[in-house]
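So the protein lines, in turn, are chains A and B. Residue numbering for the first sequence follows this note's numbering, starting at 301 and increasing by one per position. Residue numbering for the second sequence follows this note's numbering, starting at -7 and increasing by one per position.
Derived from the structure by calculation, the hints contain no laboratory data. Treat each hint with caution, since some may be false.
[Said to hold, decoys possible] Subject to a maximum C-alpha distance of 25 Å in a straight line, what follows is the list of computed DSS-like cross-link-like pairs (lysine-lysine):
#	chain 1	residue 1	chain 2	residue 2
1	A	Lys322	A	Lys355
2	B	Lys257	B	Lys157
3	A	Lys313	B	Lys157
4	B	Lys324	B	Lys427
5	A	Lys313	A	Lys355
6	A	Lys378	B	Lys397
7	A	Lys322	B	Lys397
8	B	Lys157	A	Lys378
9	B	Lys157	A	Lys355
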Amino acid sequence: MGRITFVEHNGAKHPVEIEAGKSLMEAAVENGIPGIDADCGGACACGTCHVIVDKSWVESTGEMYASEEGMLAMTPEKTDTSRLSCQVTVSESMDGMVVHLPEFQM
Amino acid sequence: MSLLSSRLEPALQPVLDKVASRIPLHWQIKGAHAFQSVKKRAGKNRAVPVFREVPLPGVSTLALADIDVSNPFLYRQGLWHSYFKRLRDECPVHYQANSPFGPFWSITRYEDILFVDTRHDLFSAEPIISIGPQPEGLEIETFIAMDPPRHDQQRQAVQNVVAPKNLAQMEDLIRSRTAEVLDHLPIGEPFDWVQRVSIELTSRMLATLFDFPFEQRHKLAYWSDLAAGSPETTGGNADNDEGFRAAADMARQMSSLWREKEARKAAGEDMGFDLISLLLANENTRDMINRPMEFIGNMVLLIVGGNDTTRNSMTGGVLALNQFPDQFVRLKQNPDLVPNMVSEIIRWQTPLAYMRRVAKQDVELSGQTIRKGDKVVMWYASGNRDERAIENPDQFIIDRQNARKHLSFGFGVHRCMGNRLAEMQLRILWEELLKRFEAIEVVGEPEYVQSNFVRGYTRMNVRLG
Ligand code: HEM
Ligand code: FES
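Bound conformation, chain A alone (with noise of 0.2 Å):
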């Protein structure tokens, strides 16, 4: 089994079994990692499940639509490599990927 590292602001890392087919917010919030709100639940319309992804792994995170930018531009603390958790489903691809987590969510 592979596994995806979550590592919060404070530099904390939390590594998590992969479950393909999750979203990688499910993945977060159902391992009780810090973080992430997900106050819609991931329907992209709330912008409080934001993570920065590593730089070498945002080709396997897959496309981004409008609706998802269109949220991410309202987040003060967006990079280039970020993303909408709720957004990117988890594969077996994935294994080794590492993911921050920002200071704040919006």
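Starting from the known structure of chain A, arrange chain B with the ligands on it as the hints suggest.
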């Protein structure tokens, strides 16, 4: 036409902005007022509805088509609950053809509201988000009532003011100002919580946010109440003439505040983290004062947005804990529940009943066809009590699971910009209350705001123990 009108020819706008930037704003508003007064005497104004309170019928006596949830007394009379439950169960997307605000659709279920709020491609927030229009001549431009891409540009320019990073710097100040208010409250004798706590704290917060003269902070609450309370806009009882005078006063004072800070910045002084300083520090907004419609619109939006919403949550929380006393006992045993309870208070109160949209094309929703151009009202107050989305929605449960999953802040690109600030203020209030008081007892019945939009209190007597 008035320079404040939002319905200007697009090609004319830059020219008018240029002219407008040379005429002091408060003169423009006075000019608009004079123009409206002349029109009124000439009998040319749009008719403004007059609302007189009568006891409303029970919902079970009405035909579906006669249910009118835009009535500004529904909340005060405690009937909103049964009216919306009937709509959710029998006609979740409901058409009212003859309200005093004209025809409109009501969206009453959680999932449908989420759909409308996130599909700004189908539903426009323009020209305004209340059921009725703004008073003639006072049509101020704010990004809460703009569609992308204009919305996004304007919001991005100001959102750092209330971004969590900035808030972290404000927390200590807000806490000390809260403590000061609480330390002066009487013990054992009833007083008006709305005036002494809720209004006082939100005015202090706004004064902090704007770095507004502290001793004049009550003006902010006064301006805000007038801006949201016109009869034609929300069924409120604010007086439009008074509204014009207040708008002129506000424009004058905010412009001079801007000029003062601009001068200080030019003199090389350190700038603070208040709204105007941040606008002055930003490439895209440092000359916003030369675009008066945008400037005044942003000021009004932040003053109104941050005012009675938080105020009524501060009152609503006390009322909820009185109606559910077992929850107060649990809270005192588990002060760690405060953050979760804050979300539950905001859901339970739902300080703003709705946001309004206009369909940009025909849309099918829950078996109804909404036509292009129709008004569509997303009733957050109803969605937050939708049994289909929220378990035991009428119960106030301080450790509710998924308490953050409520509609009170809206969803989509317009999602409340000040949500973190509101939560922080409420969290600080409850942390400081628990340190000081054993009992917070509501005495008698609270009095409610007349409005179809603001769900709030004008008075609530409380005794501390
Ligand atoms: C409990 C308190 C509050 C509630 C319930 C509330 C509610 C709302 C709602 C329902 C919206 C529209 C959402 C939509 O259309 O989807 C909104 C937008 C907004 N709110 Fe709040 N609000 C609160 C506090 C605040 C505070 C403290 C501020 C600022 C100081 C603020 C500033 C704004 C602004 C600027 C917008 C416009 C956002 C946009 O259009 O992009 N609000 N709020
Ligand atoms: S959970 Fe709301 S946007 Fe992802």
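ask   = When the hints from earlier in the document are held up against this structure, which numbers fail?
value = none
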